[in-house]
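Full structure from sequences and hints, please.
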Amino acid sequence: MSEFFAQFAVPHPSTLIYIAMASIVLGSIALVAIVTYFKLWGYLWREWITTVDHKKIGIMYLITALVMLFRGGVDAVMMRLQLAIPENGFLDAQHYNEVFTTHGVVMILFMAMPFITFFFNFLVPLQIGARDVAFPRLNNLAFWLFFMGMGLFNISFIVGGSPDSGWTSYFPLADNEFSTSVGTNYYMLALQIAGLGTLMTGINFITTIMKMRAPGMTLFKMPMFTWSALIANLIIVFAFPVLTVALAMGTMDRLWDTKFFAIGDGGMDMLWANLFWVWGHPEVYILILPAFGIFSEVISTFARRNLYGYTSMVWSMILISVFSFAVWTHHFFTMGQGAFTNSIFSITTMAIAIPTGVKIFNWLFTLYKGKIVITTPMLYALHFIPLFTLGGVTGVMLAMSAADYQYHNTMFLVAHFHNVIIPGVVYAMLAGLTFYWPKMFGFMLNERLGKATVWVMSIGFVLSFIPMYITGLDGQARRMYTYSDAAGFSTLNMVSFVGAGIMSVSFLMLVWNIWYSFKNSPRDIGSDPWDARGLEWATHTPIPHYNFAITPDVTDSNSEAFWDYKKNGTKLFKGEIQDIHMPNNSGQTFILSIFFFIGGFALVFSMFTLAIISLIGILACMGYRSLEDDHGYHIHKEEVELIEKKYEKEGGAK
Amino acid sequence: MKVNMKGTLLSFMGLGAILLAGCNDKLAVLDPKGPQAQRQADDTMLLIYLMSGIVLTVLAILVFMLFKYRASKQSPDYEPPHIHGHWLVETIMIGIPVIIVIFLSFVSVKSNYIVENVPQEYEDQEPLVIYASSSNWKWHFSYPEQGIETVNYLYIPAGRSVEFKLYSYGPITSFWIPQLGGQKYAMADMVTTLHLAADNPGEFWGRNANFSGRGTAENIFDVTALTQTEFDEWVTEVHETAAPLTEEKFDELLEPGHLGKQTYTGTHLEFSPAPEHNHESSDEEKEDEEDHSSH
Ligand code: HEM
Ligand SMILES: [Cu+2]
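Those protein sequences? They're chains A and V, same order as listed.
Heads up, the first sequence is in our numbering, so the first residue is 1 and it goes up one at a time.
Heads up, the second sequence is in our numbering, so the first residue is 1 and it goes up one at a time.
Relax, there's no trap hidden among the hints.
Covered stretches of chain V, as calculated for chain A (at least 3 residues, CB under 8 Å):
(1) 113-123
(2) 183-195
(3) 200-212
Note that these hints are calculated values from the structure, not bench results.
Each residue gets a CB set at the ideal place from its N, CA and C atoms; glycine is no exception.
If you want it as structure tokens, here you go:
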């Protein structure tokens, strides 16, 4: 019995972990108590957990992303603190390894991914004038699978031990022989479950965009964010199955000692690297393309001008998506594949810089002859342009394979990818969050605080990451928990720590801004507070759950339908209000996901009976669903008219 | 706003200056002591200049646009025009990156062949072959020609090319001596080849740059380049003083953990040969091999 419980203990406990455990347990108890006290369980179940409304599902992704941003951020500061002083004793090697591994996984998969998925969910149906996504219930299932994967990954921290072989989890290091705790099992299974959810999202949004666009919206009239979402989801559908297969093989290596990647009996460690990066490289474009989409919306709105070179923008994204699958080998130029292979991948990698450069020039020329107003979202975009360019050109440096022999696995590389991912993805997400906040919640975030946040964040960013380029060239390798004073880069590491501290302040300012604005911002802001351009602003605030009372018709407008309506008086809403068909909520998807969670947990600890029980549960849920008839329901015409009247009385612009 | 934009511009130039000043301060990678590292440092400097040019151009255009087209500088009734694009602008905008990438592709391909082969200066003599294998968390250096083996330190003759044969008894590691040249992976199931050379006698440091578990940070080694005479003397001395490396002893060395510097006669290659079978993806490597055998 005690042996049974012993396996759940954390193998490398420390004071920090005990503090974290205690705060997680106390936090959970407090949360349950609050929900019970205010009798919110029913409300949560009816309005959120079982919801099929794309807007609410979006907001659940958003909350997850923000919580994970905080968690990954704490990890980041811990790493910078450990490295601030040479031979620091704050974290030991094992703990540092767990921290950078979970930081990487959490930031990429459980922060950046849900953040972009929030935008897919919230924006795409509104931008194309649809009532919901193509498969609303699948959308709910996708969220819960993703959420369970996230949950499973995060409990590794307090039950059984965290993964410690890097977010790339290279074999044979990740195999049982060298990673003895259950940490890497968590990695394999949590990513698998979350990845299934992502794959469903991909299928759902491709179908939504292809099938549910408003009348008159041809592909080349789609708003730029929807274009970026379409392409990102296409990449998801091609890339994620590779991850699924790789993780399945990795799981077998760990649980049943198969030898796909492990040492001996023909196991091939290079195969893992190949499979991982065939998914991993496109993955970064899954993140960055929607970010480009958001910046395009923001920049054209606040330059008060249409996007320059719409068509070249679209084609450059299509090219990027194709190229993104042809460059994965640049992640292991140093694996001894010879000059010829390296030359090919060096060239394909640099070629991606061309369409990316085109996009930067398009944004710059969107400012040309514009009437630029600098709001918080715009300020994020304006900081993004030069910072991202810097990250991009250092990417070109890394693409020079022979020179990369000197940058690979160093802080130079860490500086580069944070330099693209923070100004690129994180800034875009925060710009979009600020931009769409009034549409979601009916009040604006404070502009003064918002702009100050951007400046503090950029200063922190520059101080934190530019020194890493230099220490990288001076020989500081990545993933090293300590270095000697003689190495000579302690000053720069201290600067970097100060920068990370300043960045944390900016995130706290963001939280403060949300609270402050919630308390103080006016609520009578109408439905179009930014004087924006896309169809998503053509509906009321708050958005009725059917989105548009009458389906918009954009036959006579261009890609900025709402702007056309405001400036040229093109008619958007033709026809009369009719009965609206809506999908029903469902709790089955949540229950199904719980079975996935239990099954995943069981497999982490090789508890096969429990795993089989949850498999039966999963199959039973699926069987039940396939026998069920669910035709949704109708909101009757009279009811819609009533709701619309109420909005008009309250003065929501339209 | 005005101050802010200028501030950004200044801080960027400041950063550029720091980076370039850093180079004078001899960052390891930019302080090459051998032909391969020299080529990589030259490429790096070329890239730093070219890339700074690109960043500054983008920044200059951005600042120009912001000064010229801010709303506060325009009359309230100004309506920005609807502009789709212009063929000339778009051609330039695509053309310049294309030219840069083509130029860099030539440089890159050329550097690849240089870095993957025996340095041109030293082609007239046979390279010295050293097998460098890693085990958690040590480096074993076998000199088959000299019949000696060291742990965690390396003596090489200056002015002669060294051909490292890399592999690992465990997780993937990466063999890196920044001042002599960039790194390459050492893996359990194949041998990779890295050509390095030191132009003059001197001392350098090397390390495993790839994460391989708890002891990675301390997985380092010292490199000393000697004159050929000194090197030969050292070899003789080792043969006179060091103990032979037995299979038993070697198995002991492979146990996970850290060790200081050690020296043995004989090499482990005799009883534990390197995994030098033909790996599927090493076609090019075979080509390379043929290449320099014909010199
Ligand atoms: C908030 C500021 C951040 C700081 C100060 C920070 C700091 C760091 C540091 C110091 C490392 C290197 C660990 C090492 O190699 O020893 C690292 C690794 C990493 N970071 Fe961040 N980070 C930040 C934000 C982010 C964000 C937003 C993302 C992604 C969306 C991200 C993704 C990663 C990844 C993927 C790794 C590699 C992990 C690995 O080596 O396995 N980071 N970060
Ligand atoms: Cu990549």
